[in-house]
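Q: Residues per chain, in single letters:
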Amino acid sequence: MNKNTRNTLIFRFVITLLVILSINFFLPRMMPGDPFSTTSSDVQGEDIVTMTEEQHQYFISYYGMDLPLHEQFIRYLANMAKGDFGQSIYYKIPVTSVILIHLPWTILIVFCATALSTVAGILIGTISARNRKKISDRFMMTGLIAFSEIPSFLLGIILLLIFCVWLRIFPLAGAVTPFAHYNSVLDEAGDIAHHAFLPVLTLSLAQLTGVYLLTRNTLITVSSKDYIRTAYAKGLGEKIVWTRHALRNALLPVVTRTGFMIGLMMGGAVLVETVFSYPGIGLTLRSAVVNRDYALIQGILLIIAVSILLCNLIVDQVYQRLDPRVAD
Amino acid sequence: MGLMLSGYLPIDRPAVSRFLRSVSDRTGNILSRFSTEGRIGLCGIALILMVALFAPVLSAYPPDQISGNSLEPPGQGHLLGTDELGMDIWSQICYGARMSLVIGLSVALIAGIGGGILGILAGYLGGNADQLLMRTVDILMALPSFPLLIVISAFMGPSIVNVILVLVLFSWAKPARIARSQTLAIKRNTYIIAAKNFGGTPYYILSRHILPEVLPILFVLILGITSYAIIAETGLAFLGLGDPTSKSWGMMLYYATSFKSIYFTPFWQWWLIPPLVALVTLVISLAFISRDLEQVLDPRLRRGGGL
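Just so you know, the protein sequences line up as chains A and B, in that order. Heads up, the first sequence stops at 328 in my numbering, and the numbers go up one at a time, no gaps. Heads up, the second sequence stops at 307 in my numbering, and the numbers go up one at a time, no gaps.
By construction, these hints were calculated from the structure, which means they are not laboratory data. Do not rely on the hints blindly, as some may be mistaken.
Claimed, not checked - According to the in silico footprint, chain B covers these stretches of chain A (three or more CB under 8 Å from chain B):
| no. | segment |
| --- | --- |
| 1 | 10-16 |
| 2 | 69-80 |
| 3 | 89-99 |
| 4 | 114-126 |
| 5 | 242-251 |
| 6 | 259-267 |
| 7 | 301-313 |
What the hints assert, rightly or not - Derived pair list, reagent style DMTMM-like, types lysine to aspartate or glutamate, alpha-carbon separation capped at 25 Å:
| no. | chain 1 | residue 1 | chain 2 | residue 2 |
| --- | --- | --- | --- | --- |
| 8 | A | Lys234 | A | Asp323 |
| 9 | B | Lys174 | A | Asp66 |
| 10 | A | Lys133 | B | Asp130 |
| 11 | A | Lys225 | A | Asp84 |
| 12 | A | Lys133 | A | Glu238 |
| 13 | A | Lys133 | B | Glu37 |
| 14 | B | Lys260 | B | Glu213 |
| 15 | A | Lys239 | A | Glu71 |
| 16 | B | Lys196 | B | Asp130 |
| 17 | B | Lys260 | B | Glu294 |
| 18 | A | Lys92 | A | Asp137 |
| 19 | A | Lys134 | B | Glu37 |
| 20 | A | Lys82 | A | Asp66 |
| 21 | A | Lys134 | B | Glu294 |
| 22 | B | Lys187 | B | Asp130 |
Said to hold, decoys possible - The following label-pair restraints were derived from C-beta to C-beta distances:
| no. | chain 1 | residue 1 | chain 2 | residue 2 | range |
| --- | --- | --- | --- | --- | --- |
| 23 | B | Met50 | A | Ile107 | 24 to 30 Å |
| 24 | A | Ala189 | B | Met141 | 50 to 56 Å |
| 25 | B | Pro266 | A | Glu188 | 30 to 36 Å |
Here a beta-carbon is modelled for each residue, glycine too, at the ideal position from N, C-alpha and C.
Just chain A, with the same shape it has in the complex:
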């Protein structure tokens, strides 16, 4: 990758970030209603405790909402740069702390799911490519493709119904058993894994087919290359040719895909977390939208967007290291 392309990449990164920042800032402000109409009434919308005009004004100026929009925007950008996302209006603690409480859960399931689907996808893809043109490959492909078309949250509901409602093997909600006392760290890890299992499975099943198809197709393309024939001609065994020569080259696009996948999963996690009531950032985003918690929505969107953009940037760098052909 020469300097020019790298500059374009970074330039695009900055522009996209700016677009997200502006959407992030202006959109919630255009939403109907204001946050204090929710805080001043109870959840059901009945028994409204009305604030006096004075209290209302106080809150508006307390949160800096009486300033002109552009001043708010500049203040917002400055605060973002400092890592200060403002106060959550609903939770009444800094947005950063709300995010920090919930983000680890999302990261946990997204990373486990990425690892699981990548490893499983490469494995099945290789098996499938080696058995190409056999009936087993055809079945595998049709099955997995049909599977991948089911959106992750529908898959989540299906898994939830089977494993939590019908078989009762896994818990219905949450990330840990409430009020549990653990005798050891191992116990606690077990409990967390028990709760995270289905969300992780759902997310990785939804991504599995992408990795599988990519591995299979690039393997098939690679296997007709000259250097594979050379490898066979040198007298190398089947196993070595497949792992050292074919798979190593076929894995390059999979690396790109993995970075891309993390981004997709962050989006998908919002729905999957809702299905399993998993207390990650997605579930928080949903409740923030319901409660019109501007600052929290902004913060979460920004975190999701930046992590997706960063993943793409990192993938480009890693790819460059792995494949010297791209270097210049």
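Let chain A serve as the given structure and place chain B on it in line with the hints.
A: Below, chain B without anything else, positioned relative to chain A:
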């Protein structure tokens, strides 16, 4: 769909039959190139289309009126039982099919055709218009669509038109980009240059040479967007951001899953499963068809044979 089925009708009048035979030869040709999965997909879609079209005939009760007791199990009177308000679930499924298809198809048509036209024009005209469009497309494609979808539809308020608009906003980029690259590739062909030299107007060249080449690919993309839009609408509805006045399958899922402790009662069996099955059928059918169409319409994929 009608054309594809017409191949099986016995017709005896010569002119009509000649016409139909040519049509059915073509469609039959395409149909015979469909794989088994593709045919299953066609059947699935046909079934859902039927249900959507004949919803008033198929359902005994209006979907939005209380027609029975709360949470009746399936049985006489109510084919699939009732929901917590006593509304018939089978009618909701029938009318929900309309909702999902209308949303999916309108998003796909607007985004596919609009994006396609923009892409073709950008590719054909080049220059600043092209640059502007491509930069916009780049940014749109880099944005995390689903989180933004959630926020935008939350702010625009729940109505079908808004849901459609938001989904169009996020799905026109792909057809635009592909139509542009196709146009660029076609534009370089010598026959286009020849046509220009013979005095072909841009309109003539676009409609006669470029559009017919781009259209099949756009068609496949439109199928894909339909599926995307239906899923996205379901997702939004599932989060409670759908139009509460019109029950789509996603809204049914939302109401069922937000019913407190539904998983501890038998209600999910007839309240949650029907929309789930309907959605899965629809989405898988669309996927099978678009996969096959891709291979039928795109000779490069066929020749490659890798897939």
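Q: So, for every hint listed, does it hold in this structure?
A: So, going through the hints one by one against the coordinates:
Coverage of the segment 10-16 of chain A by chain B holds [criterion: at least 3 residues with CB-CB distance below 8 Å; count 3]. Only residues whose beta carbon comes within less than 8 Å of a beta carbon in chain B count, and the segment 69-80 of chain A has 0; fewer than three means the coverage is violated. Check result for the segment 89-99 of chain A against chain B: violated, 0 residues qualifying (beta carbon to beta carbon below 8 Å, three or more required). Remark: the segment 114-126 of chain A is not confirmed as covered by chain B, as 0 of its residues place a Cβ nearer than 8 Å to a Cβ of that chain, below the required three.
A stretch counts as covered by a chain when three or more of its residues have a beta carbon under 8 Å from one of that chain; for the segment 242-251 of chain A and chain B the count is 0, and the coverage is violated. By the rule of at least three residues with a Cβ nearer than 8 Å to a Cβ of chain B, the coverage given for the segment 259-267 of chain A holds, with 3 such residues. Counting residues of the segment 301-313 of chain A whose C-beta lies closer than 8 Å to any C-beta of chain B gives 6; at least three are required, and the coverage claim holds. The straight-line distance between the Cα atoms of A:Lys234 and A:Asp323 is roughly 24 Å, inside the 25 Å bound, and the hint therefore holds.
Among the hinted pairs, B:Lys174 with A:Asp66 is inconsistent with the structure: their alpha-carbon atoms are about 40 Å apart, more than 25 Å. Using a Cα cut-off of 25 Å, the hinted pair A:Lys133 and B:Asp130 is violated, with the two alpha carbons roughly 43 Å apart. With a CA separation close to 53 Å, the supplied pair A:Lys225 and A:Asp84 exceeds the 25 Å bound. Distance hint between A:Lys133 and A:Glu238 is fulfilled; the C-alpha atoms sit about 18 Å from each other, no more than 25 Å.
Between A:Lys133 and B:Glu37, the direct Cα distance comes to roughly 17 Å. Compliance with the 25 Å bound is thereby established for this hinted pair. Between B:Lys260 and B:Glu213 the CA atoms are separated by roughly 54 Å; this puts the pair beyond 25 Å, and the hint is violated. For the given pair, A:Lys239 sits about 64 Å from A:Glu71 by alpha-carbon distance, which is inconsistent with the 25 Å threshold. For a cut-off of 25 Å, the pair hint linking B:Lys196 to B:Asp130 stands: about 21 Å separates their Cα positions.
Taken as a hint, the B:Lys260 and B:Glu294 pair is broken in the structure, with Cα atoms around 44 Å apart against an allowance of 25 Å. As the CA atoms of A:Lys92 and A:Asp137 are separated by approximately 55 Å, the hinted pair breaks the 25 Å bound. Taking the CA atoms of A:Lys134 and B:Glu37, the gap is about 17 Å. The hint holds against a cut of 25 Å. With a CA separation close to 22 Å, the supplied pair A:Lys82 and A:Asp66 stays within the 25 Å bound.
For the hint linking A:Lys134 to B:Glu294, the alpha-carbon distance of about 23 Å falls within 25 Å, and the restraint holds. A threshold of 25 Å between alpha carbons decides the hint, and for B:Lys187 with B:Asp130 the separation of about 14 Å falls inside it, so the pair holds. The hinted range of 24 to 30 Å is not satisfied by B:Met50 and A:Ile107, whose Cβ atoms lie roughly 46 Å apart. Between A:Ala189 and B:Met141 the Cβ separation comes to about 39 Å, which falls outside the hinted range of 50 to 56 Å.
Remark: the range hint 30 to 36 Å for B:Pro266 to A:Glu188 is upheld by a beta-carbon distance near 34 Å.
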